[in-house]
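As they're listed, the protein sequences go chains A and B. Quick note: the working numbering has the first sequence finishing at residue 342, numbered continuously throughout. Quick note: the working numbering has the second sequence finishing at residue 607, numbered continuously throughout.
Calculated from the structure, these hints are not laboratory results. Be careful, since some hints might not be right.
[To be verified] Simulated pairs of lysine to any residue, SDA-like, Cα-Cα distance not exceeding 20 Å: (1) Lys-185(B) / Glu-191(A); (2) Lys-352(B) / Ala-204(A); (3) Lys-245(A) / Gly-600(B); (4) Lys-355(B) / Glu-191(A); (5) Lys-245(A) / Val-230(B); (6) Lys-355(B) / Ile-235(A).
[What the hints assert, rightly or not] These stretches of chain B come out as covered by chain A in the derived footprint (C-beta under 8 Å, 3 or more residues): (7) 215–229; (8) 351–363.
The C-beta atom is built at its ideal place from N, Cα and C for all residues, glycine as well.
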Amino acid sequence: MRHIISILIENEAGALSRVAGLFSARGYNIESLTVAPTEDPSLSRMTLVTRGTEEIIEQITKQLNKLIDVVKLMDMTEGPHIEREMMLVKVLAEGDRRNELKRLSDIFRGRIIDVTDKTYTIELTGAGDKLDAFIQALDSGVIIEVVRSGVSGIARGDRALRL
Amino acid sequence: MEITGAEIFVRSLEAEGVEYIFGYPGGAVLHIYDALYTQDKVQHILVRHEQAATHAADGYARSNGKPGVVIVTSGPGATNAVTGIATAYMDSIPLVVFTGQVPTHLIGNDAFQEADNIGITRPCVKHNFLVKDVNDLAETIKKAFYVATTGRPGPVVVDIPKDITADKAAFSYPDKVSMRSYNPVHVGHSGQIKRAVKLMQTAKRPILYTGGGVILGNASESLTELAKILNFPVTNTLMGLGAYPATDTQFVGMLGMHGTYEANMAMHHCDVLIAIGARFDDRVTGHIEKFCPHATIVHVDIDPASISKNVKVDVPIVGCVDNVLKAMLNEIKNNDVHSDAVALKDWWQQIDEWRSKDCLKYDHASETIKPQFVVETLYKLTGGDAYITSDVGQHQMWAAQFYKFDKPRRWINSGGLGTMGFGLPAAMGVQFAHPDATVACITGEGSIQMCIQELSTCTQYSLPLKIINLNNGYLGMVRQWQEFFYQKRYAMSYMESLPDFVKLAESYGHVGMQITKPGDVEGALIEMLKLKDRLVFMDFLTDREENVYPMIPAGGGQNEMILV
Numbered sequence: 180m181r182h183i184i185s186i187l188i189e190n191e192a193g194a195l196s197r198v199a200g201l202f203s204a205r206g207y208n209i210e211s212l213t214v215a216p217t218e219d220p221s222l223s224r225m226t227l228v229t230r231g232t233e234e235i236i237e238q239i240t241k242q243l244n245k246l247i248d249v250v251k252l253m254d255m256t257e258g259p260h261i262e263r264e265m266m267l268v269k270v271l272a273e274g275d276r277r278n279e280l281k282r283l284s285d286i287f288r289g290r291i292i293d294v295t296d297k298t299y300t301i302e303l304t305g306a307g308d309k310l311d312a313f314i315q316a317l318d319s320g321v322i323i324e325v326v327r328s329g330v331s332g333i334a335r336g337d338r339a340l341r342l
Numbered sequence: 044m045e046i047t048g049a050e051i052f053v054r055s056l057e058a059e060g061v062e063y064i065f066g067y068p069g070g071a072v073l074h075i076y077d078a079l080y081t082q083d084k085v086q087h088i089l090v091r092h093e094q095a096a097t098h099a100a101d102g103y104a105r106s107n108g109k110p111g112v113v114i115v116t117s118g119p120g121a122t123n124a125v126t127g128i129a130t131a132y133m134d135s136i137p138l139v140v141f142t143g144q145v146p147t148h149l150i151g152n153d154a155f156q157e158a159d160n161i162g163i164t165r166p167c168v169k170h171n172f173l174v175k176d177v178n179d180l181a182e183t184i185k186k187a188f189y190v191a192t193t194g195r196p197g198p199v200v201v202d203i204p205k206d207i208t209a210d211k212a213a214f215s216y217p218d219k220v221s222m223r224s225y226n227p228v229h230v231g232h233s234g235q236i237k238r239a240v241k242l243m244q245t246a247k248r249p250i251l252y253t254g255g256g257v258i259l260g261n262a263s264e265s266l267t268e269l270a271k272i273l274n275f276p277v278t279n280t281l282m283g284l285g286a287y288p289a290t291d292t293q294f295v296g297m298l299g300m301h302g303t304y305e306a307n308m309a310m311h312h313c314d315v316l317i318a319i320g321a322r323f324d325d326r327v328t329g330h331i332e333k334f335c336p337h338a339t340i341v342h343v344d345i346d347p348a349s350i351s352k353n354v355k356v357d358v359p360i361v362g363c364v365d366n367v368l369k370a371m372l373n374e375i376k377n378n379d380v381h382s383d384a385v386a387l388k389d390w391w392q393q394i395d396e397w398r399s400k401d402c403l404k405y406d407h408a409s410e411t412i413k414p415q416f417v418v419e420t421l422y423k424l425t426g427g428d429a430y431i432t433s434d435v436g437q438h439q440m441w442a443a444q445f446y447k448f449d450k451p452r453r454w455i456n457s458g459g460l461g462t463m464g465f466g467l468p469a470a471m472g473v474q475f476a477h478p479d480a481t482v483a484c485i486t487g488e489g490s491i492q493m494c495i496q497e498l499s500t501c502t503q504y505s506l507p508l509k510i511i512n513l514n515n516g517y518l519g520m521v522r523q524w525q526e527f528f529y530q531k532r533y534a535m536s537y538m539e540s541l542p543d544f545v546k547l548a549e550s551y552g553h554v555g556m557q558i559t560k561p562g563d564v565e566g567a568l569i570e571m572l573k574l575k576d577r578l579v580f581m582d583f584l585t586d587r588e589e590n591v592y593p594m595i596p597a598g599g600g601q602n603e604m605i606l607v
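Only chain B is shown next, with the shape it has when bound in the complex (with noise of 0.2 Å):
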């Protein structure tokens, strides 16, 4: 029997088990929602602008490890979603974003609500796929799936004209798909593992630095067991936060930029660099040249375009994180191979000195409301437990310096890309995830304008997600950054004529609180925190000039940071 494009479309969905289709409709899309409409086994979730709808997929997405799934219109629903996508991409986050496309006779003819999707998403994407033929539909379908969430993953993009939905074709679902231009390496190569076990047997001053790869590959038990075995300091990237428990006495804190001056100085002064699942970034890095002077250093990615792209690496292996390291704690216990301890107990000695600065110290007696005492409090009120969503500043470093993820995928922020507006949208897809669970967006006053719209959504879905409102009245990166670096000329930094945050909330039906005094903090977050189903938007007004610390400047190598 034959039917329709569009039934094709669901039915893929429904056998890929998809639960949530985050989009928008529009013209081009019309059968595809008609389709929707009369099924119930994946359900539409409507955003109130197209980039929400990729940031939830992605939030969703992050936060539980199935593909994130969107369907924008064509034209502007297309292009509205490009940021969302070249987020998702930047963090190796697997959706599959659906875009309609005006009939295949129109193409190319500058037709109403026409983009060039595929051209303009290319540079942004895994891959992309125009589908010309209803025939091909459901492989086409089959094949994003596949390339989105095997390899390094990543968002691929599928634009579908509408006479396609339309037309007829027998529907069947292939059980799977080989492609013979993608095939993604699993298992690491053995001589290399050996390589790198050996180096950690002889390192003085060794240090396990691990990224998002670890979290995509859920390989945050074996990264744990291993670095229990040797012995060895850990530091997380942004992206890795929660692959190795915060709290245990062997994690020295997030590295780079913002990151702690025992994981920096650790980095500079190591003699062994095991990097994992983690790429380099300039943030992590600062200065190329003086990056780990003194560091042999061994690499651990899927994405073979990863190694060696900014920094030489001495010891490659390419594979699925879990695997390596299962190889490599294989040939640890088969050949009973210890690391150093005496030269460890040093080297713990000196990271406990570096330690003892208190890097991340600031004024408990403040007057005004520090931020960071309102992340403090957020982590200790949740016992660490909350998933906590944010968005791109100052409020993002203080959430990653001090809210202590002791587990992965509980910590969900645009960290290559830096998408202000990622926050609120991006919870929404970890709520809906996880109905049960306390999900908080930490923000600023300038983010979270950048999606506010969402607001909306929330009320639709009864979405009682926690918005933690850093509010100091700046674009506070920006101003820290003027500051610093150009003789506090504050140009466009500071946000006027902001909202009554509180009344806004509740012209969405959501409940709005101020919070001005230190003293009120930790009660108004008992409060939030008890209105279990209720979307509780707290507007904490900060002090107005704090700034993060430390603080790699431009330019400088790990072991130049500017301190309290």
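One chain only, chain A, in its complex shape (with noise of 0.2 Å):
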């Protein structure tokens, strides 16, 4: 099953390596993994997507917290969440396609963010599947590139990650 882990590790040099190096030791599988600085500047907050069966989660977070940099963590799928995602594309926009694009653009909800002549770059956030699905209505001759940020996720109500 797909977890989203949240993790609040100490904002030093290496912390993130010790997060990728017990993934890869332990052959377990990183989806996605995002970090950056909180409002403390001295933590860090990840978001990392994995699958695995519940013994492994089980692992994975237990192999986790027992990283010295990691201060707390929350596996988010345990309760309701938000996960949001945000995606840069940039896509061929030449003659009849520009309406085109900018009404696929509108109806999900994406901005066009930068416009030349041939190109428009397209910023969409979403969950992921929302984002997989524009790629999807997207004709793959279009897309010039795809970069998508990783996944971010957020406890709903009063659940929060914090120390």
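Build the complex: two chains, separate frames, hints provided.
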């Protein structure tokens, strides 16, 4: 099953490599990983998407907790949560396609953030499956490049990952 | 007053009460060596190879419970130390290893003797630190000792660039340190402890399966008391030998691949398995699908990640082993809990029947020296009171099977990583920790050659080790597997061109003896033990194709042992 694990980790050099190293050393899979400092500059927040059986996810959370730099973590998937991912797509936008792409972008609540006479760059935010759907909807011939941020997640309601 | 980083380093070690630091100098640590030179509180022990420095510190730590301390230079000094660090990591041994690093401004420039020590050691340390400011040095050292020795112990590396050791700062060593991201659990969950005791009360075929955690957690007394109150059989892992007295009737021997028949059969048939400070290693469980099919499992461990890692357990208890065992004992005493005497009578009868197989029997009338006989005789002559280190292979298993350890911290071996070359340097560390004790290294002609240069260190520090070389001219365990599973195709397991070990020992100024006949074994060992202040290298030419029995073949269950 897919799990989103959020981690508060000391914002120190090498902290990211401890997490990445743990996953490669133990053969766990990382689907996506995002990391940036929080409002407290001594802490980074990492959102990690992984897949595995319940036993493997249990081991992953235990092994992550065992890393000395990990301060706290939460498996978002254990409760209601919101996940978001940002995507930038550069597409070929010439002739008739320009209107078509604009409409498609609007349908998905995307924003065109850069325009040339031949291209649009579209910014799109949402859950991963929405971004997938947008790519599906595009004619594969028009895509020049796709950049995805990886998933960020936050729990709904009062539940929060904080010190 | 400001002092240099090198002086801060030395004064921090003094403040930690460090007696010995095992190491080898080099460019990046010259300031530190200069600071060590001008004091006499911390004694530096010069090894001949950095691997041996880590093993020696490891042997020191295992035998007396204090952290072992190491210093090596940058680049090759640090990479040579990695095997020893990984060895300590797998067996949860507290080490603090200081590695030199090129000056801060050269890091990342492929400088002379530069290696990414933090990156290289990351997967085999409990934690590591790079010191980037001399003002952080003392606190980082404090944290390193704190992390290494608390919770589930392990090695910690502190990488110190050369310029940090020349920079100056005011020195104050913190009394204690706290880290928001590191808070080891101490006390077990009381509800779970109650559940475990309930299982002990109703168990018909219980067994206590205990590992190195009991030794690391100084819980032998509590374990013995618990086993005695309950009249339960006890088996120890390779790492746990000595945690429960081996000569006690409730001890059924070591379990696992080369454990006793009775221990493995009792494991297989038990209805309640109480695992304490053990981690269900593959050499213990055999085929995981066939492991303890009837058992309800209680697992006490300080490391939550060890629980339900390999085998799903029913009653997990996270905490210091000694605290948990004491809580169990209180629960038993306060509620006047008794184990099921009637069921236990039948269970013991069954265990004694398995015991009667005498699974460790060997040919006592052999014309050649049987390696088991050497270990057994050493056990007899030392009254079971020696510190025994070993390397890895057949000799290690024979030492574990035939030397009966009644006390913890007497059996020093590389159980997890299985590092050949461990025995001799580890024995040096043990001898430093226990200068008056008999310290013997049971080894083989393959393993001993992996760190044999340390005979020179032993000369320098007059270490009177007793080296028991069970020399069969083969990498015995490799040969045994090739005999069993590769139709006797002995690929590269024959040791050609062996040195004359007697002359080799003598060339370092030690005593050497070669023993070729079974009738001479006892006399030679007596002579060896009389040479109290000399290192004696005993080269026993043993039966060349003796095998370690009993054995669970790879993929087998615990009830599928090959007997002699």
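Checklist entry - Are Lys-355(B) and Glu-191(A) close enough, with their CA atoms no more than 20 Å apart? => result With Cα atoms ~35 Å apart, Lys-355(B) and Glu-191(A) exceed 20 Å; violated.
Checklist entry - Regarding the pair Lys-355(B) and Ile-235(A), is the alpha-carbon distance no greater than 20 Å? => result holds, 12 Å
Next on the checklist: For a C-alpha distance cap of 20 Å, please report whether Lys-245(A) and Val-230(B) respect it.
Outcome noted: This hinted pair holds, its Cα atoms lying about 17 Å apart.
Item to check | Outcome, coverage of the segment 351–363 of chain B by chain A - at least 3 residues whose beta-carbon is closer than 8 Å to one in that chain | outcome: With 3 residues closer than 8 Å to chain A, the segment 351–363 of chain B meets the three-residue bar; holds.
Next on the checklist: Checking one constraint from the list: CA of Lys-352(B) to CA of Ala-204(A), max 20 Å. Satisfied?
Outcome noted: holds, 15 Å
Checklist entry - Taken at face value, is the distance from the CA of Gly-600(B) to the CA of Lys-245(A) at most 20 Å? => result With Cα atoms ~31 Å apart, Lys-245(A) and Gly-600(B) exceed 20 Å; violated.
Checklist entry - When you check the alpha-carbon spacing of Lys-185(B) and Glu-191(A), does it fall within 20 Å? => result At roughly 18 Å apart (the allowed maximum being 20 Å), Glu-191(A) and Lys-185(B) satisfy the hint.
Item to check | chain A covers the segment 215–229 of chain B, three or more CB atoms within 8 Å, holds or violated | outcome: holds (count 4)
In summary, the numbered hints that this structure violates are 3, 4.
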